[in-house]
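Residue numbers (the working numbering), protein chains in the order written: chain S, 1 to 284; chain A, 1 to 117.
Calculated directly from the structure, the hints in this document are not laboratory data. A portion of the hints provided could be inaccurate.
Said to hold, decoys possible - In silico contact screen, one side only, chain A against chain S (beta carbon under 10 Å); selected entries:
1) Lys-24
2) Glu-66
3) Leu-106
4) Ser-107
5) His-112
What the hints assert, rightly or not - Below, a list of computed lysine to aspartate or glutamate pairs in the DMTMM-like style, where the Cα atoms sit at most 25 Å apart:
6) Lys-24/A to Glu-108/S
7) Lys-24/A to Glu-66/S
8) Lys-263/S to Glu-19/S
9) Lys-57/S to Asp-23/S
10) Lys-263/S to Asp-216/S
11) Lys-263/S to Asp-217/S
12) Lys-263/S to Glu-245/S
13) Lys-24/A to Asp-129/S
14) Lys-54/S to Glu-29/S
15) Lys-57/S to Asp-89/S
16) Lys-24/A to Asp-52/A
17) Lys-24/A to Glu-207/S
18) Lys-263/S to Asp-23/S
19) Lys-54/S to Asp-125/S
20) Lys-54/S to Asp-28/S
21) Lys-24/A to Asp-89/S
22) Lys-54/S to Asp-26/S
23) Lys-263/S to Asp-13/S
24) Lys-258/S to Asp-13/S
25) Lys-54/S to Glu-66/S
26) Lys-24/A to Asp-125/S
27) Lys-54/S to Glu-238/S
28) Lys-24/A to Asp-23/S
29) Lys-24/A to Asp-28/S
As the structure is a computational prediction, the values presented were derived from the model and not from experiment. Quick reminder that beta carbons are idealized off the backbone N, C-alpha and C, glycines included.
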Amino acid sequence: MELRLSHGAGCRDHGYAAELDADHQDADEITLDASNIAGLHPLFAVRLALWIEKQQKAGRRIDVREPLDETTRRDFRAFRLGRDIGGIDEALGGGEAQVIVRPTRLVELTEVDGLADRLLQPLIDQFDDVAVVRDAVLMAISELCQNGVEHGVGPAGCVVAVSRGEADGLSRIMLGIGDRGIGIPEHIRRSHPEFVVDEHAIGQALEEGVSGTQRDDRGYGFSWVLRETLSSAASSAEMFIRAGEGAFRREIVDARVKDHGWKIAPTRGTWIACEWTTVSRPDR
Amino acid sequence: MTTLENDTPRSSASPRYVLGRHGKAFSTRARAEQIRAEIEQLAAGGRDVLIDFEGVGSVSYSFADELIGVFASRYEADHDALRPVVIGLTAQAQRVLIGSLEQRGLSDEVSHELVPR
Chain S
1 MELRLSHGAG CRDHGYAAEL DADHQDADEI TLDASNIAGL HPLFAVRLAL WIEKQQKAGR
61 RIDVREPLDE TTRRDFRAFR LGRDIGGIDE ALGGGEAQVI VRPTRLVELT EVDGLADRLL
121 QPLIDQFDDV AVVRDAVLMA ISELCQNGVE HGVGPAGCVV AVSRGEADGL SRIMLGIGDR
181 GIGIPEHIRR SHPEFVVDEH AIGQALEEGV SGTQRDDRGY GFSWVLRETL SSAASSAEMF
241 IRAGEGAFRR EIVDARVKDH GWKIAPTRGT WIACEWTTVS RPDR
Chain A
1 MTTLENDTPR SSASPRYVLG RHGKAFSTRA RAEQIRAEIE QLAAGGRDVL IDFEGVGSVS
61 YSFADELIGV FASRYEADHD ALRPVVIGLT AQAQRVLIGS LEQRGLSDEV SHELVPR
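This is chain S alone, in the form it adopts within the complex:
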């Protein structure tokens, strides 16, 4: 069978690409036609890497048609899509300037520390335009990947990718994280059963001190990503979360925070995209 990705699939819904949720149980072989896509968010890289892995584990042969758009194809190759998801030793994008972290599986909490430790110096040395939001990026990787490993499913852990791009002549740093765990709403309802609507539960999880752990000192990770973003020189930022039957978007423009949640088709796991637009220019 053939699965053809539409033009905007790599960026729509921050790269969630709902087409990849389709069931292909009857297929022995799938041709994934990505030739038409333009733009590639790291969350799409995470989604696609996990989709390919899932199909291969089910014994299906996957044939991938790469994007025809030159920039998208370069990122597609730099993310090493179609190859096995690597660990932290292979995480850094190396010479491919747009890809900062390839899709990388984190299973142990020590790997979260290991990724942040490996990433710090390249962010200082190689990416001037990331410097203004570096603290926020590292806080997000630390706190959100820690959640992903703790709440993901056993050996699958979570998968993270980071890249940068351009928006209206300014640099944009993008982060994608995915896991196939129970999802934020179910986790939060362990200690807050009153949050019955999934998008509301996700929104509450972003507030200070709200956690599924029933511990007073937990539930501050998301709020610290926000605090570090507000402390940075980002001209705007956005966080998009999809889990259960809820989606939630937090936008920050000129230090003002705007939240919006809505109902969606059921989703397995938690999928998070973060973006920071900097005042630096990408050609620095």
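Add chain A to chain S, keeping to what the hints say.
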């Protein structure tokens, strides 16, 4: 105050734990718990320990809270408990540490005593 550079406690000095020898970025509570255990071992029942953040470029909220926040809460509850004195902070690490102590509701007195401004 005399300090020791090589993590060797001596009765008349405060041992120093140099965090930068173990990495440049610290993320998780699990890592903080491990380091807290090492610091408790280094203190060997003594009162003060210097925790040197020199060369550390990034600390997450979870790490800072599990390491310094937990020590600080114990110290506020019992002034005979181990007292972590933090030095060598970047602006980022200072911001996060102070935030952790605020969220724990520690007094300004203890917060200023442990984290220099």
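Against the structure shown, which of the earlier numbered hints fail to hold, in ascending order? Of the numbered hints, 3, 4, 5, 7, 10, 11, 17, 19, 27, 28 and 29 do not hold.
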